[in-house]
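So the sequence lines, in the order shown, correspond to chains A and B.
Under the working numbering, the very last position in the first sequence is 137; numbers go up by exactly one each time.
Under the working numbering, the very last position in the second sequence is 119; numbers go up by exactly one each time.
Because the hints were derived from the structure by calculation, they are not lab data.
One or more hints might be untrue.
Stated by the list, open to error - Capping the alpha-carbon separation at 25 angstroms, the derived lysine-lysine pairs in BS3-like fashion look like this:
1) B:LYS13 x A:LYS63
2) A:LYS83 x A:LYS48
3) A:LYS63 x A:LYS97
4) A:LYS83 x B:LYS61
5) A:LYS84 x A:LYS63
6) B:LYS13 x B:LYS61
Said to hold, decoys possible - Derived coverage of chain B by chain A (criterion: at least 3 residues anywhere in the stretch with Cβ under 8 angstroms from a Cβ of chain A; other residues may be distant):
7) 42 to 48
8) 54 to 67
Glycine is no exception: its CB is placed at the ideal position from the N, C-alpha and C atoms.
Below are the chains, spelled out letter by letter.
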Amino acid sequence: GENVEQHPSTLSVQEGDSAVIKCTYSDSASNYFPWYKQELGKRPQLIIDIRSNVGEKKDQRIAVTLNKTAKHFSLHITETQPEDSAVYFCAARSNDYKLSFGAGTTVTVRA
Amino acid sequence: NAGVTQTPKFQVLKTGQSMTLQCAQDMNHNSMYWYRQDPGMGLRLIYYSASEGTTDKGEVPNGYNVSRLNKREFSLRLESAAPSQTSVYFCASSAQGGKLDYGYTFGSGTRLTVV
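Same shape as in the complex, but just chain A (with noise of 0.2 angstroms):
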């Protein structure tokens, strides 16, 4: 099955600054990659997503790249606010409709 890892499991960036996450995945018949935020005690909510036909998306102050050849994607948050902090997953899904989600990465925006 498909197996994806993320990096790093915690980080802190001063507000106005940016933020990335970093994934991997290894199943290369996956084509779809969606990016989820979890606040604290809540649901995970989807924020942005990426097919494999695509390289880059961007909605606002959020991004997520896409590298198919070396089967890696990134999160980019740019200009933080405290609102930003939680914690993200990402995810992967191959032809089965399953998602495969990563560990997660506990963002913490400093004021």
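Add chain B to chain A, keeping to what the hints say.
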């Protein structure tokens, strides 16, 4: 439009007791999933149902059973609870195929403690 509804939100069980976690979605999604979330381990798939009438094991199915009652409902049963099953459980659903969005919609979770 409620999305994915899970019940109960909290539960405390004694070792050996049984219980069923309920999940229902109103988005006409084909696929439904049960995950457990433990600190530092992300979300691990317990069971899933790709479509009504089918269920399959995920990566951590031992100690659990599921029922896809109809297209809307997917329940998770613990027959004899163990302390190792203390976790937060999330149900999710997704559309699949064609140009449909493949993202999951999660329920609000069930925090289960087995003592």
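Hints, one by one, checked against the model:
1. Restraint check for B:LYS13 and A:LYS63: satisfied, since their Cα atoms lie roughly 20 angstroms apart, inside the 25 angstroms limit.
2. Our distance criterion of 25 angstroms between C-alpha atoms is met by A:LYS83 and A:LYS48, whose separation comes to about 15 angstroms.
3. Between A:LYS63 and A:LYS97 the CA atoms are separated by roughly 22 angstroms; this keeps the pair inside 25 angstroms, and the hint holds.
4. Between A:LYS83 and B:LYS61, the direct Cα distance comes to roughly 33 angstroms. Violation of the 25 angstroms bound is thereby established for this hinted pair.
5. Distance restraint check for A:LYS84 and A:LYS63: the Cα-Cα separation of roughly 16 angstroms lies within the 25 angstroms cut-off, and the hinted pair is therefore satisfied.
6. Between B:LYS13 and B:LYS61, the direct Cα distance comes to roughly 24 angstroms. Compliance with the 25 angstroms bound is thereby established for this hinted pair.
7. For the region 42 to 48 of chain B, the assignment as covered by chain A holds, since 5 residues bring a beta-carbon within under 8 angstroms of that chain's beta-carbons and 3 suffice.
8. Note: the region 54 to 67 of chain B has 3 residues with beta-carbon separation from chain A under 8 angstroms; the three-residue rule is met and the coverage holds.
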